[in-house]
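2 protein chains.
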Amino acid sequence: MVRYGSIEAGGTKFVLAVGDNDLSIIKRVQIPTTYPKETLARCINFFSENMVDALGVGSFGPIDVAEDSDTYGQILATPKPEWQGTNILHELTKALKIPISVTTDVNASAYGEYIVGGGKNVSSLVYFTIGTGIGGGAIQDDQFIGGIGHAEMGHGFVMPRSDDGFSGSCPFHKNHCYEGLASGPTIEGRLGIPGQMVPRTDKVFDLISYYVSQMLFNCYLSLRPQKIILGGSVLSETELPRIQKYFAQFNHDYVVTPPLSDMIVTSKMVDNSSATIGNFALAKKQYSTV
Amino acid sequence: MVRYGSIEAGGTKFVLAVGDNDLSIIKRVQIPTTYPKETLARCINFFSENMVDALGVGSFGPIDVAEDSDTYGQILATPKPEWQGTNILHELTKALKIPISVTTDVNASAYGEYIVGGGKNVSSLVYFTIGTGIGGGAIQDDQFIGGIGHAEMGHGFVMPRSDDGFSGSCPFHKNHCYEGLASGPTIEGRLGIPGQMVPRTDKVFDLISYYVSQMLFNCYLSLRPQKIILGGSVLSETELPRIQKYFAQFNHDYVVTPPLSDMIVTSKMVDNSSATIGNFALAKKQYSTV
Numbered sequence: 051m052v053r054y055g056s057i058e059a060g061g062t063k064f065v066l067a068v069g070d071n072d073l074s075i076i077k078r079v080q081i082p083t084t085y086p087k088e089t090l091a092r093c094i095n096f097f098s099e100n101m102v103d104a105l106g107v108g109s110f111g112p113i114d115v116a117e118d119s120d121t122y123g124q125i126l127a128t129p130k131p132e133w134q135g136t137n138i139l140h141e142l143t144k145a146l147k148i149p150i151s152v153t154t155d156v157n158a159s160a161y162g163e164y165i166v167g168g169g170k171n172v173s174s175l176v177y178f179t180i181g182t183g184i185g186g187g188a189i190q191d192d193q194f195i196g197g198i199g200h201a202e203m204g205h206g207f208v209m210p211r212s213d214d215g216f217s218g219s220c221p222f223h224k225n226h227c228y229e230g231l232a233s234g235p236t237i238e239g240r241l242g243i244p245g246q247m248v249p250r251t252d253k254v255f256d257l258i259s260y261y262v263s264q265m266l267f268n269c270y271l272s273l274r275p276q277k278i279i280l281g282g283s284v285l286s287e288t289e290l291p292r293i294q295k296y297f298a299q300f301n302h303d304y305v306v307t308p309p310l311s312d313m314i315v316t317s318k319m320v321d322n323s324s325a326t327i328g329n330f331a332l333a334k335k336q337y338s339t340v
Numbered sequence: 051m052v053r054y055g056s057i058e059a060g061g062t063k064f065v066l067a068v069g070d071n072d073l074s075i076i077k078r079v080q081i082p083t084t085y086p087k088e089t090l091a092r093c094i095n096f097f098s099e100n101m102v103d104a105l106g107v108g109s110f111g112p113i114d115v116a117e118d119s120d121t122y123g124q125i126l127a128t129p130k131p132e133w134q135g136t137n138i139l140h141e142l143t144k145a146l147k148i149p150i151s152v153t154t155d156v157n158a159s160a161y162g163e164y165i166v167g168g169g170k171n172v173s174s175l176v177y178f179t180i181g182t183g184i185g186g187g188a189i190q191d192d193q194f195i196g197g198i199g200h201a202e203m204g205h206g207f208v209m210p211r212s213d214d215g216f217s218g219s220c221p222f223h224k225n226h227c228y229e230g231l232a233s234g235p236t237i238e239g240r241l242g243i244p245g246q247m248v249p250r251t252d253k254v255f256d257l258i259s260y261y262v263s264q265m266l267f268n269c270y271l272s273l274r275p276q277k278i279i280l281g282g283s284v285l286s287e288t289e290l291p292r293i294q295k296y297f298a299q300f301n302h303d304y305v306v307t308p309p310l311s312d313m314i315v316t317s318k319m320v321d322n323s324s325a326t327i328g329n330f331a332l333a334k335k336q337y338s339t340v
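In the order they appear, the protein sequences are chains D and Y.
Heads up: the first sequence begins at 51 in this note's numbering, then just goes up one per residue.
Heads up: the second sequence begins at 51 in this note's numbering, then just goes up one per residue.
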């Protein structure tokens with residue numbers, strides 16, 4: 051039986067998994083992100099003991115995801131300097147000698163949603179994660195959106211709402227991008243207590259919903275996806291009606307949309323498995339084309 | 051010899067053209083946009099006298115451009131109510147009995163740039179028109195970006211700059227979208243004199259450059275195109291350095307870009323022919339697939 055592997059390469063942890071031909075998870079472990087040599091050696095070790103026929107990697111970025119590029123699979127300039135210049139694809143291919151596909155973490159999640167999640171019956175979707183950072187991955191007709199690089203939707207220009215005095219958390223854009231105003235750390239930045247301890251009724255969630263909705267609206271106008279799926283730890287079902295309400299306000303009956311309660315949803319995949327399943331599916335796709 | 055036709059269906063005029071197999075313009079005429087019956091009859095008449103083998107239509111919108119949709123080719127809710135519900139594709143196909151492709155005016159322009167213009171050596175680009183309205187069309191690997199409908203990039207949410215007291219010109223979004231703050235009518239709206247009479251040194255062009263740059267930046271983060279090509283009457287070469295400067299300010303060295311002077315350019319196609327040539331090329335593509 052053919053088996054597929056998944057690596058979710060995150061800034062603080064790597065999640066390694068093995069799946070069967072139906073993309074079901076057989077085994078899944080987690081290792082800390084340390085130095086490239088050490089962490090990749092543990093990945094190689096894991097997949098030597100748990101053999102797979104192809105591997106999908108969804109990585110933190112920025113990373114070169116252009117398959118025809120000389121540096122495909124290489125981590126670019128990043129806040130994690132020890133990883134900069136590491137070519138994940140080369141290192142893993144050299145050791146494991148199997149077909150490997152590399153994309154971003156959010157693209158992997160988008161693909162998982164597209165194959166078996168909230169987007170399984172549509173041909174276009176965008177997946178956003180709103181967590182420590184904000185990122186988005188978009189699919190249209192089985193292809194990722196992205197010309198010379200992957201999307202960086204969390205850093206879109208936004209102006210602060212006039213009742214929001216927060217100076218922003220983005221080291222690059224301060225309070226002028228979505229990540230700087232709506233990511234998890236902005237809650238503690240505003241209130242001085244960790245986001246998990248803040249009740250959903252606090253008005254900070256209204257602000258965050260407002261900014262996220264703005265991001266969704268601009269994204270919808272550019273891509274016109276059938277579904278927008280929200281993941282990450284910052285938002286919950288509770289905020290959906292607010293986000294939909296602001297979206298409708300921004301749109302003001304201009305552009306046709308599906309019912310917003312159908313179009314804008316949260317990820318329903320169990321155990322936060324969008325990226326794992328997405329990686330399996332991308333490995334399968336890679337396997338079938340070599 | 052195979053010949054291709056083009057209809058640029060605009061709100062005030064239709065431009066009809068015939069091209070040869072190399073997509074060169076043989077004949078080009080202009081008729082006023084009146085009522086659908088009358089205007090389409092003149093189109094049909096023109097292409098009966100000037101026979102072509104396939105036709106590309108780039109239309110004002112909103113229009114259904116999804117080829118698998120029951121209402122493909124139909125004008126949707128529009129400020130021109132007499133056109134609402136008109137199915138351009140059906141009317142023309144019934145009379146002319148040739149393969150016809152329908153897309154938006156800006157998609158047609160984007161395609162023209164992609165085939166023979168500023169984007170002929172790239173695989174991804176976005177074309178923006180900044181004129182009476184603002185619109186964008188994006189191409190990635192020979193496909194238009196757009197899931198359940200075409201892009202509406204001119205209506206993205208933007209907050210006014212603090213030194214800009216203008217109340218905005220968009221009937222839907224007032225001063226909260228790019229079109230409402232940066233389209234041609236906003237110049238007269240701010241200064242009380244037509245835009246053509248305002249010197250390029252006026253600070254209104256700085257404001258417009260600022261907003262357009264914001265639109266380009268957000269678009270770049272979502273699509274990562276290799277080229278962004280600007281058309282329409284509002285902007286000229288003069289504003290390019292400003293637009294590039296603001297783009298760099300917004301980005302703040304975050305995301306990798308090609309040199310901005312290469313990436314953000316104005317349309318160089320003579321006689322404003324992007325859409326005409328794009329329609330020819332789309333007609334040719336349609337002709338070769340039937």
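If you are wondering where the hints come from, they were derived from the structure by calculation, not from laboratory data.
Treat the hints with caution; some may be incorrect.
[Unchecked claim] Listed next, the in silico EDC-like pairs over lysine to aspartate or glutamate satisfying Cα-Cα at most 16 Å (straight line):
no., chain 1, residue 1, chain 2, residue 2
1, Y, 224, D, 303
2, D, 224, Y, 303
3, D, 295, D, 238
[Unchecked claim] Covered stretches of chain Y (chain D as the covering partner; in silico rule of three or more C-beta atoms under 8 Å from a C-beta of chain D):
no., region
4, 184–193
5, 196–207
6, 271–278
7, 302–310
[To be verified] Computed beta-carbon distance windows for the label pairs:
no., chain 1, residue 1, chain 2, residue 2, range
8, D, 98, Y, 127, 52 to 62 Å
9, Y, 311, D, 320, 45 to 55 Å
10, Y, 126, D, 253, 29 to 39 Å
11, Y, 211, D, 309, 28 to 38 Å
12, D, 309, Y, 243, 55 to 65 Å
13, Y, 181, D, 224, 25 to 35 Å
14, Y, 181, D, 100, 33 to 43 Å
15, D, 241, Y, 248, 38 to 48 Å
16, D, 312, Y, 213, 55 to 65 Å
17, D, 291, Y, 119, 49 to 59 Å
18, Y, 248, D, 119, 42 to 52 Å
19, Y, 181, D, 92, 53 to 63 Å
Where a beta carbon is used, it is the ideal one built from N, C-alpha and C, also for glycine.
Outcome of the hint check:
| no. | hint | verdict |
| --- | --- | --- |
| 1 | Y:224 x D:303 | holds, 13 Å |
| 2 | D:224 x Y:303 | holds, 13 Å |
| 3 | D:295 x D:238 | violated, 25 Å |
| 4 | 184–193 | holds (count 5) |
| 5 | 196–207 | holds (count 11) |
| 6 | 271–278 | holds (count 6) |
| 7 | 302–310 | holds (count 6) |
| 8 | D:98 x Y:127: 52 to 62 Å | holds, 59 Å |
| 9 | Y:311 x D:320: 45 to 55 Å | holds, 49 Å |
| 10 | Y:126 x D:253: 29 to 39 Å | holds, 38 Å |
| 11 | Y:211 x D:309: 28 to 38 Å | holds, 35 Å |
| 12 | D:309 x Y:243: 55 to 65 Å | violated, 45 Å |
| 13 | Y:181 x D:224: 25 to 35 Å | holds, 34 Å |
| 14 | Y:181 x D:100: 33 to 43 Å | violated, 59 Å |
| 15 | D:241 x Y:248: 38 to 48 Å | holds, 47 Å |
| 16 | D:312 x Y:213: 55 to 65 Å | violated, 41 Å |
| 17 | D:291 x Y:119: 49 to 59 Å | violated, 30 Å |
| 18 | Y:248 x D:119: 42 to 52 Å | holds, 44 Å |
| 19 | Y:181 x D:92: 53 to 63 Å | holds, 57 Å |
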